[in-house]
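Guided by the hints, dock chain W onto chain S, whose structure is given.
If you read the protein sequences in the order shown, they are chains S and W. For the first sequence, the numbering used here begins at 1 and goes up steadily by one. For the second sequence, the numbering used here begins at 1 and goes up steadily by one.
Warning: the hint list may mix true and false statements.
Pairs count within a copy or across copies, as identical chains cannot be separated in the list.
Claimed, not checked - Capping the alpha-carbon separation at 25 Å, the derived lysine to aspartate or glutamate pairs in DMTMM-like fashion look like this:
1. Lys97 / Asp236
2. Lys226 / Glu167
3. Lys198 / Asp69
4. Lys100 / Glu223
5. Lys100 / Asp222
6. Lys226 / Asp157
7. Lys198 / Asp121
8. Lys226 / Asp190
Hint data in this document are derived by calculation from the structure and do not stem from the laboratory. Keep in mind it's a predicted model, so treat the numbers as computed, not measured.
Number of protein chains: 2
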Amino acid sequence: MGVSDYTRRDFLKSITTATLAAMGLGTTLPVMASAAQGNQGSSYPILHRNDVVLFQGDSITDAGRNREDTHPNSQGGLGPGYAFLAAADLLAVEPGKSLKVFNRGISGNKVFQLAARWQEDCLALQPNILSILVGVNDFWHTLTHGYNGTVETYEKDFRALLDSTLETLPDVTLIIGEPYAMPEGRAVNDQWFPTFYKYQQAAHRIARDYKTAFIPYQSIYDEASKRAPQTYWTADGVHPTTAGCHLMAQAWLSTLHSIRS
Amino acid sequence: MGVSDYTRRDFLKSITTATLAAMGLGTTLPVMASAAQGNQGSSYPILHRNDVVLFQGDSITDAGRNREDTHPNSQGGLGPGYAFLAAADLLAVEPGKSLKVFNRGISGNKVFQLAARWQEDCLALQPNILSILVGVNDFWHTLTHGYNGTVETYEKDFRALLDSTLETLPDVTLIIGEPYAMPEGRAVNDQWFPTFYKYQQAAHRIARDYKTAFIPYQSIYDEASKRAPQTYWTADGVHPTTAGCHLMAQAWLSTLHSIRS
Chain S
1 MGVSDYTRRD
11 FLKSITTATL
21 AAMGLGTTLP
31 VMASAAQGNQ
41 GSSYPILHRN
51 DVVLFQGDSI
61 TDAGRNREDT
71 HPNSQGGLGP
81 GYAFLAAADL
91 LAVEPGKSLK
101 VFNRGISGNK
111 VFQLAARWQE
121 DCLALQPNIL
131 SILVGVNDFW
141 HTLTHGYNGT
151 VETYEKDFRA
161 LLDSTLETLP
171 DVTLIIGEPY
181 AMPEGRAVND
191 QWFPTFYKYQ
201 QAAHRIARDY
211 KTAFIPYQSI
221 YDEASKRAPQ
231 TYWTADGVHP
241 TTAGCHLMAQ
251 AWLSTLHSIR
261 S
Chain W
1 MGVSDYTRRD
11 FLKSITTATL
21 AAMGLGTTLP
31 VMASAAQGNQ
41 GSSYPILHRN
51 DVVLFQGDSI
61 TDAGRNREDT
71 HPNSQGGLGP
81 GYAFLAAADL
91 LAVEPGKSLK
101 VFNRGISGNK
111 VFQLAARWQE
121 DCLALQPNIL
131 SILVGVNDFW
141 HTLTHGYNGT
151 VETYEKDFRA
161 LLDSTLETLP
171 DVTLIIGEPY
181 AMPEGRAVND
191 QWFPTFYKYQ
201 QAAHRIARDY
211 KTAFIPYQSI
221 YDEASKRAPQ
231 TYWTADGVHP
241 TTAGCHLMAQ
251 AWLSTLHSIR
261 S
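Excised from the complex, chain S in its bound form (with noise of 0.2 Å):
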């Protein structure tokens, strides 16, 4: 059983009706939460006054953004990407809260160069809500940047990458995004499979052991794939299109509006 077929059954269950509406007709959302969710009847009852929300990751993250403008809910800083879709929606959906929403993805990134610039870049912001999307570079440059890191390298550096997070922000609540690849895309070949989909379950076990929100991308794109060639979502089989950033954004605030504190 290849992961996919794992991350089809077990999280297309567990994904919000809200989810499956946005996947299905790529838009939001549920507008308006019952007040008996608490928070006010927030549409995001995890998120509260003066909170930061942190998007971490690697270039589908990263998105070109303005990595000189380090300001929260800036435009630039947020590039055009998933992170700043989501987060524009956050923000006017959000307005009384004064959240601050970062992002500091970094294109090429695998999880030791998270690691090596965390300090400053993560917990140095404090994050209220922190999304990691992290993996494809970590299989990807074993194949085309002579990288030597292994599955386990994988696992291993991101459990110890979650343990110092959680020991100076035992508060925080994370968002794990699933590593996915796309066959059709012009990047992705037959040597990517089936390792790739052994970093994917990686993802998926630190998810469980952590028990944080997981984001199940691959199952996401598939779905998505019914609609459009693959190529629409994601034209090199990794990196959004601006449909596929929409993707992305709705599947995010949805598993967000699904987390309860």
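Same frame as chain S, but now just chain W:
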């Protein structure tokens, strides 16, 4: 009576319920348009396969896009602004339509500067949907850049631009955005009013006379400013924040949704 009152009275009653919900809740939108609306139950019945959507305007539309990237639908070419947010939603909601979405806004532009590049940056792209937001610089630059155009110049130039557009593209669907300014923004002062209202009235007259869709951005910002300070939506009173971009994109999408062929 200021145009602000006028705009609110005349347009808020014509604006769709979905827009008001979007304004109030910051989120979308007609998730499912009735199949009876034609075009196979599309959320955007006016959009057809292979349609070209063009965003035109000044810095608000430009949003720091990469002007070297002239491809449709590309994140860099759309830039991190309301056009990207609207495009992402459109492209994800309508994956079967092979839409091409362009942004050709240029910072600082007044109407005569749009006209000077109209052949290349509009007509040659053969848009089916043409969205134009222009006017703030036509006024603002009279205060800051020694520009000596008047509201009569603005209206005359704008009408001439639409006349030449309709000559080449008689079937184009036009969306005109209302120029807006928020008085608490750092770039806006008492000198702006009441003169600036006349530019809003002119844009409104043009939309009425040419029977185009019209987005009452001033009212939309006014309404949003009941939920958070004006500067939460536009820091300088003119350029949207990330939250303001979302507000504008949702209003734009809702307007497009409401257009019937």
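Homo-oligomer pair classification [Asp121, Lys198; C-alpha up to 25 Å]: neither (28 Å within a copy, 48 Å between copies)
First find the shortest C-alpha distance between Lys97 and Asp236 inside one copy, then the shortest across copies, and answer within, between, both or neither for a cut-off of 25 Å. between (37 Å within a copy, 21 Å between copies)
Cα distance capped at 25 Å. Does Lys198 pair with Asp69 within a copy, between copies, both, or neither? Answer is neither: 36 Å inside a copy and 36 Å across each miss the 25 Å cutoff.
How would you classify Lys226 and Asp157 at a CA-CA limit of 25 Å: within, between, both, or neither? For Lys226 and Asp157, neither the intra-copy (35 Å) nor the inter-copy (47 Å) Cα distance is at most 25 Å.
When no copy is named, should Lys226 and Glu167 be tagged within, between, both, or neither for a Cα gap of at most 25 Å? Neither, since 42 Å and 40 Å both go past 25 Å.
Under a CA distance limit of 25 Å, which applies to Lys100 and Asp222: within one copy, between copies, both, or neither? between (32 Å within a copy, 23 Å between copies)
I want to check one pair: Lys100 and Glu223. Are their C-alpha atoms no more than 25 Å apart within a copy, between two copies, both, or neither? Classified as between; 23 Å across copies, 32 Å inside a copy.
At most 25 Å between CA atoms: does that hold for Lys226 and Asp190 within a copy, between copies, both, or neither? Close inside one copy (21 Å), not across copies (55 Å); limit 25 Å.
The structure does not agree with the numbered hints 2, 3, 6 and 7 stated previously, though it agrees with the rest.
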